[in-house]
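**Student:** Sequence:
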Amino acid sequence: MSEETKQRIIELLSGGAEVSTRSAVEYRYPARELPEGAEVTRFCPSPTGFVHIGAIFTAMICKRLAGQTNGVYILRIEDTDKKREVEGARELIAEQLAAFNLQADEGLQADGTISGEYGPYVQSDRRDIYLTYAIDLLERGRAYPCFASMEELQEAVKDQQAKKLRPGYYGEWALWRDRTDEEVLQALDAGKKFVLRFRSEGSHQKRMQFDDAIKGQMEVPENDLDVPLIKSDESRLPTYHLAHVVDDFLMGATIITRGEEWLPSTPLHIELAQALGIKTFKYAHTPVISIVGAEGGKRKLSKRKDPEADVAYWHKAAYPLKAVKAYLLGLANSNFEDWYKENPDADLDEFEFSLDKLKTSRSPLLDMKKVEDYAKDEIARMSQEHFNKEILAWCELHDKTLFDEMMADPEYTKAVLAIERGGDKPRKDVAKWSDAPEQFRYYYDFIFDSSVMPKAQCDFVEEVDLNEQSDVCEAFMKNYDHSADKDTWFENMKKSAESAGYALDRKELKENPDKFKGGLADFAKIIRVKLTGKTRTPDLYTIMQILGEVRVKNRLS
RNA sequence: GGCCCCAUCGUCUAACGGUUAGGACAUCAGAUUCUCAAUCUGGCAAUACGGGUUCGAUUCCCGUUGGGGUCACCA
Numbered sequence: 001m002s003e004e005t006k007q008r009i010i011e012l013l014s015g016g017a018e019v020s021t022r023s024a025v026e027y028r029y030p031a032r033e034l035p036e037g038a039e040v041t042r043f044c045p046s047p048t049g050f051v052h053i054g055a056i057f058t059a060m061i062c063k064r065l066a067g068q069t070n071g072v073y074i075l076r077i078e079d080t081d082k083k084r085e086v087e088g089a090r091e092l093i094a095e096q097l098a099a100f101n102l103q104a105d106e107g108l109q110a111d112g113t114i115s116g117e118y119g120p121y122v123q124s125d126r127r128d129i130y131l132t133y134a135i136d137l138l139e140r141g142r143a144y145p146c147f148a149s150m151e152e153l154q155e156a157v158k159d160q161q162a163k164k165l166r167p168g169y170y171g172e173w174a175l176w177r178d179r180t181d182e183e184v185l186q187a188l189d190a191g192k193k194f195v196l197r198f199r200s201e202g203s204h205q206k207r208m209q210f211d212d213a214i215k216g217q218m219e220v221p222e223n224d225l226d227v228p229l230i231k232s233d234e235s236r237l238p239t240y241h242l243a244h245v246v247d248d249f250l251m252g253a254t255i256i257t258r259g260e261e262w263l264p265s266t267p268l269h270i271e272l273a274q275a276l277g278i279k280t281f282k283y284a285h286t287p288v289i290s291i292v293g294a295e296g297g298k299r300k301l302s303k304r305k306d307p308e309a310d311v312a313y314w315h316k317a318a319y320p321l322k323a324v325k326a327y328l329l330g331l332a333n334s335n336f337e338d339w340y341k342e343n344p345d346a347d348l349d350e351f352e353f354s355l356d357k358l359k360t361s362r363s364p365l366l367d368m369k370k371v372e373d374y375a376k377d378e379i380a381r382m383s384q385e386h387f388n389k390e391i392l393a394w395c396e397l398h399d400k401t402l403f404d405e406m407m408a409d410p411e412y413t414k415a416v417l418a419i420e421r422g423g424d425k426p427r428k429d430v431a432k433w434s435d436a437p438e439q440f441r442y443y444y445d446f447i448f449d450s451s452v453m454p455k456a457q458c459d460f461v462e463e464v465d466l467n468e469q470s471d472v473c474e475a476f477m478k479n480y481d482h483s484a485d486k487d488t489w490f491e492n493m494k495k496s497a498e499s500a501g502y503a504l505d506r507k508e509l510k511e512n513p514d515k516f517k518g519g520l521a522d523f524a525k526i527i528r529v530k531l532t533g534k535t536r537t538p539d540l541y542t543i544m545q546i547l548g549e550v551r552v553k554n555r556l557s
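Numbered per the numbering used here, the first sequence spans residues 1 to 557.
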């Protein structure tokens, strides 16, 4: 291609503006002064308004890798696709990462500011930099304009499929790879849009090798695709491929941690780096988190079908995020679980993370039950103070009625929230803060009375005869003494149960089931449901003590 | 379809070529002076299949089957 033609293209790409030379750009990005072995990692989400749980997984790995080597963890925003960008998404990403304690050392910060000397950290702000490298490639004959329309491209793919050939823009299918200057000039004159494509020198017949820090030694065919480097629209923004290589080179990334879905395009990225004359990167392709689909079989966690794929879900349900992170860490490193058991109070960042242990992980399935298990443990271990704070904070935001009731009598609420917490065997019935209403609303008369009958109670009413219910309550109240201690209280309940026709001895009940209306457990169940509207609660004595005599009497009579 | 990755309980996983194939979650049973998801005890539960190599294979090799990823001017 003649110099003249190249100049025309450069002018079009840059819009006539001066474009820096590579050396001028690279001068602004000096080598980092970091200790031996320090890793510079980067997490690069797109601002689509959706943060995938798998992204948190990858971000966590990035942060840990940098953290434990005294390196740098960069948060870069990849917004080269303006069509997909959602307003406010950038802030959302920063906030959600911060909530997981995954704020970056460099780049976008939780408060929306940007820090670091290797910026800009938003790709759309780096357009001219990409242009510099694209033009460098063009000048050296490693890039060329392609004027093919979408239709033509699709046509070609159809053709390839019909001929059972590998689809793609390569070899003889690379429509504009070997056009003459005249043809290019003609297209330019006609004002046709064009993308700047990479001129690959690879061959699909030849094989190449690279080492993946997680997958190990890989051997794959070379890249031979002439992929687009710069898009055809007036933004003149680069594609991911160019942006990745340029940014990570300039920012001094030492390891590219990214989802496994990038594995197939790694040969391309390696060739691109070579074409630019820069050192190729070390890659670590992390497994993708999956879920069992309704159709059966594993599939990628999808944004539309699985609410839990979106990190917003975890925030909304208000799981303690440390637990979610612990679960994720356990997925990544199987020895984490043991470590965590031994160091339950340690900061998760103290865990020595290893990429190596990810080798056998293949798109693990998200196990909500296990996450909840972690969450319950986490909450059970929390200090009472912390627990109260979280519960109240959630209620204030999401259940104002309950919150107001709680605040109306702080001492009472304090007692309610402390039930069966602490000690060796704390209850584990709260897995997320949004469980609060379910767990605590029955302690408050206003809500207990005004709310529709809780479901447990509705079912129960159908099961147990109404008269029987009042008989049981009556019998119970006859012997009820609010000031009695627990043992006495229990003895009194037994007395009441017996007089109402319930068996005290399980064996006896088993032997003569017809002689009794039920066992002591059944008796207690009726009391429990009348008192709380639930079939599962902490122990009755404690509840009654906290509710107080008046409430107990009101509810049981 | 081409290319790539992967194959141990339902799930996440552990096991220098020699283990009664281990753990965690889930599940089931029993225990705990009333419920319970808490606690304790116990149970069920896996090396996809077929060939090699080897005294010996979950482990190494080959094939089959199965699953996943990817083949965009999306990242």
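Just so you know, the hints here were simulated from the structure itself, not pulled from any lab data. Beta carbons are placed, not taken as given, at the ideal position from N, Cα and C, and that holds for glycine. Among the clues, some could well be false.
[Said to hold, decoys possible] 20 Å max Cα-Cα, derived SDA-like pairs, lysine to any residue:
{"id": "1", "residue 1": "K215", "residue 2": "K158"}
{"id": "2", "residue 1": "K389", "residue 2": "W339"}
{"id": "3", "residue 1": "K316", "residue 2": "D424"}
{"id": "4", "residue 1": "K82", "residue 2": "G116"}
{"id": "5", "residue 1": "K6", "residue 2": "M208"}
{"id": "6", "residue 1": "K534", "residue 2": "K515"}
{"id": "7", "residue 1": "K322", "residue 2": "A393"}
{"id": "8", "residue 1": "K525", "residue 2": "D539"}
{"id": "9", "residue 1": "K215", "residue 2": "G171"}
{"id": "10", "residue 1": "K231", "residue 2": "A393"}
{"id": "11", "residue 1": "K279", "residue 2": "S290"}
{"id": "12", "residue 1": "K6", "residue 2": "S265"}
{"id": "13", "residue 1": "K414", "residue 2": "L540"}
{"id": "14", "residue 1": "K158", "residue 2": "G171"}
{"id": "15", "residue 1": "K486", "residue 2": "S470"}
{"id": "16", "residue 1": "K193", "residue 2": "V227"}
{"id": "17", "residue 1": "K192", "residue 2": "K158"}
{"id": "18", "residue 1": "K82", "residue 2": "R236"}
{"id": "19", "residue 1": "K215", "residue 2": "V227"}
[As the list claims (entries may be wrong)] Distance windows between CB atoms, simulated:
{"id": "20", "residue 1": "D338", "residue 2": "S235", "range": "49 to 57 Å"}
{"id": "21", "residue 1": "Q7", "residue 2": "D111", "range": "40 to 48 Å"}
{"id": "22", "residue 1": "D522", "residue 2": "D349", "range": "49 to 57 Å"}
{"id": "23", "residue 1": "S115", "residue 2": "V550", "range": "31 to 39 Å"}
{"id": "24", "residue 1": "Y29", "residue 2": "D111", "range": "42 to 50 Å"}
**Student:** If a hint holds in the structure, say so; if it doesn't, say that too.
**Tutor:** Verification of the supplied hints:
1. Between the alpha carbons of K215 and K158 the distance comes to roughly 34 Å, so the proposed pair goes past 20 Å and is violated.
2. Of the supplied pair hints, the one linking K389 and W339 is violated, its CA atoms being roughly 28 Å apart against a limit of 20 Å.
3. Proximity of K316 to D424 is assessed by CA-CA distance (about 30 Å); at most 20 Å being required, the pair is judged violated.
4. A distance of roughly 24 Å separates the Cα atoms of K82 and G116; the hinted pair therefore is violated under the 20 Å criterion.
5. Between the alpha carbons of K6 and M208 the distance comes to roughly 32 Å, so the proposed pair goes past 20 Å and is violated.
6. For the given pair, K534 sits about 28 Å from K515 by alpha-carbon distance, which is inconsistent with the 20 Å threshold.
7. Proposed proximity of K322 and A393 is supported: the alpha carbons are some 17 Å apart, at most 20 Å.
8. Proximity of K525 to D539 is assessed by CA-CA distance (about 11 Å); at most 20 Å being required, the pair is judged to hold.
9. Straight-line distance between C-alpha atoms of K215 and G171 comes to about 30 Å, which puts the hinted pair past the 20 Å bound.
10. A distance of roughly 47 Å separates the Cα atoms of K231 and A393; the hinted pair therefore is violated under the 20 Å criterion.
11. This hinted pair does not check out: K279 and S290 have alpha carbons roughly 34 Å apart, beyond 20 Å.
12. Pair hint K6 plus S265 does not hold up; C-alpha atoms about 28 Å apart against a cutoff of 20 Å.
13. Of the supplied pair hints, the one linking K414 and L540 holds, its CA atoms being roughly 18 Å apart against a limit of 20 Å.
14. In summary, the hint linking K158 to G171 is supported, as the alpha carbons are separated by about 16 Å, within the 20 Å threshold.
15. Taking the CA atoms of K486 and S470, the gap is about 24 Å. The hint is violated against a cut of 20 Å.
16. Simply put, K193 and V227 have alpha-carbon atoms about 16 Å apart, close enough for the 20 Å limit, and the pair holds.
17. For the suggested pair K192 and K158, the alpha carbons sit about 23 Å apart, so the restraint of at most 20 Å is broken.
18. About 11 Å separates the Cα atoms of K82 and R236, which keeps this hinted pair within 20 Å; it holds.
19. A hinted pair counts as satisfied when its Cα atoms are at most 20 Å apart, and K215 with V227 does not qualify at roughly 25 Å.
20. For D338 and S235, the hinted distance range of 49 to 57 Å is satisfied, since their beta carbons lie about 50 Å from each other.
21. The hinted range of 40 to 48 Å is satisfied by Q7 and D111, whose Cβ atoms lie roughly 45 Å apart.
22. Checked against the hint of 49 to 57 Å, the C-beta distance between D522 and D349 comes to roughly 51 Å, which is consistent with it.
23. Against the hinted window of 31 to 39 Å, the Cβ-Cβ separation of S115 and V550 comes to about 58 Å, which falls outside the hint.
24. For Y29 and D111, the Cβ-Cβ distance of about 25 Å falls outside the hinted range of 42 to 50 Å, so the restraint is violated.
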